[in-house]
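Asker: Sequence:
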Amino acid sequence: MLQNIRLILLFPLIILTLITTPRAVDTETAVLKSQNVFVMEQALAMGQGITTDGEYFYTSGAATGLHVTMLAKIDIKTMKMTEQHLNPLPDVCTQRGNNHIGGISYYNGKIYAPVEGGNVQKACIVVYDAKTLEATGEIYDLPGDIFDYGIPWLAVDPETGLLYTSQFKNAPAIYVYDVNNNMSFVKELPLTGIGELNRIQGGEFYNGSLYLSQDSQDNGKLKRLIKVDVATGEVTVHAERNVNGNNIESEGMTFLVKNGTPSLYVLDYNKLIGVFLREYNISLD
110 MLQNIRLILL FPLIILTLIT TPRAVDTETA VLKSQNVFVM EQALAMGQGI
160 TTDGEYFYTS GAATGLHVTM LAKIDIKTMK MTEQHLNPLP DVCTQRGNNH
210 IGGISYYNGK IYAPVEGGNV QKACIVVYDA KTLEATGEIY DLPGDIFDYG
260 IPWLAVDPET GLLYTSQFKN APAIYVYDVN NNMSFVKELP LTGIGELNRI
310 QGGEFYNGSL YLSQDSQDNG KLKRLIKVDV ATGEVTVHAE RNVNGNNIES
360 EGMTFLVKNG TPSLYVLDYN KLIGVFLREY NISLD
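In the numbering used here, the protein residues as written are 110 to 394.
Hint data in this document are derived by calculation from the structure and do not stem from the laboratory. Owing to the predicted nature of the structure, the values given are computational and were not obtained by experimental measurement.
Quick list of the computed label-pair ranges, beta carbon to beta carbon:
| hint | residue 1 | residue 2 | range |
| --- | --- | --- | --- |
| 1 | Glu-150 | Ile-185 | 17 to 23 Å |
| 2 | Thr-269 | Lys-367 | 20 to 26 Å |
| 3 | Asn-217 | Lys-278 | 26 to 32 Å |
| 4 | Ala-172 | Ser-143 | 22 to 28 Å |
| 5 | Thr-191 | Gly-253 | 36 to 42 Å |
| 6 | Asn-145 | Asp-200 | 30 to 36 Å |
| 7 | Glu-343 | Lys-186 | 33 to 39 Å |
| 8 | Ala-172 | Glu-349 | 27 to 33 Å |
| 9 | Val-140 | Asn-355 | 17 to 23 Å |
For glycine and all other residues, C-beta sits at the position ideal for the given N, C-alpha and C.
Could you build all of it, start to finish, from the sequences and the hints given here?
Answerer: This is the structure we're talking about:
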């Protein structure tokens with residue numbers, strides 16, 4: 110009965126979201142294959158980051174004004190949200206004002222989450238068990254002189270166990286840490302090519318290359334997929350998506366391989382009540 114009532118309430122909100130948000134338009138480099146829309150608390154649970162282990166999508170969300178953070182799981186076969194974890198941040202984080210979880214990454218049974226807010230000198234990485242969405246107790250503080258505007262995203266290379274992240278605004282470099290060695294600092298990777306990174310919302314690896322979701326305000330309806338050569342630091346624009354709306358914020362991203370073919374999945378937040386999980390066909394080297 111309660112489930113039926115919930116569906117009745119959700120239906121008009123989903124319709125409203127679809128009406129107020131134009132459908133994304135194909136480009137030469139990114140062809141829309143499918144999209145799913147999420148509203149209400151489910152939108153809150155996935156408005157920031159997404160990653161996958163091949164069976165589930167794991168998502169993160171935050172409403173900083175309400176001091177609410179969330180993690181969730183979505184069954185890839187049904188595209189239904191099967192689990193939500195409200196306010197998963199450990200007490201040590203909330204007590205110092207941390208109130209935001211950004212673009213997350215799955216590695217070896219765990220979710221690695223960038224945490225910021227409050228005193229940004231205490232930007233950190235918090236680790237969660239992917240099965241339970243509970244914090245494992247692993248918390249790694251990051252240097253405030255580098256992450257003075259927080260930590261918006263991170264991505265773990267599944268082949269090396271190295272974690273990559275950067276500043277949010279005008280980042281001249283990416284910083285690399287070793288997940289398998291107590292998050293020890295490995296190196297600073299200076300960036301070349303198109304210049305500094307700006308407004309990166311999420312990232313993921315595919316075949317040894319790092320791909321990043323960029324929400325550059327200068328691009329309007331066009332949202333970039335950035336590629337980084339982690340051996341050289343060269344940065345290129347790999348693809349552009351046309352979200353066909355100026356009030357849409359591009360958030361986290363991940364890749365899912367189905368029948369040997371990779372698809373790009375990106376979260377697009379319409380700034381009203383809904384989040385779109387969009388699947389794209391793109392060419393990957």
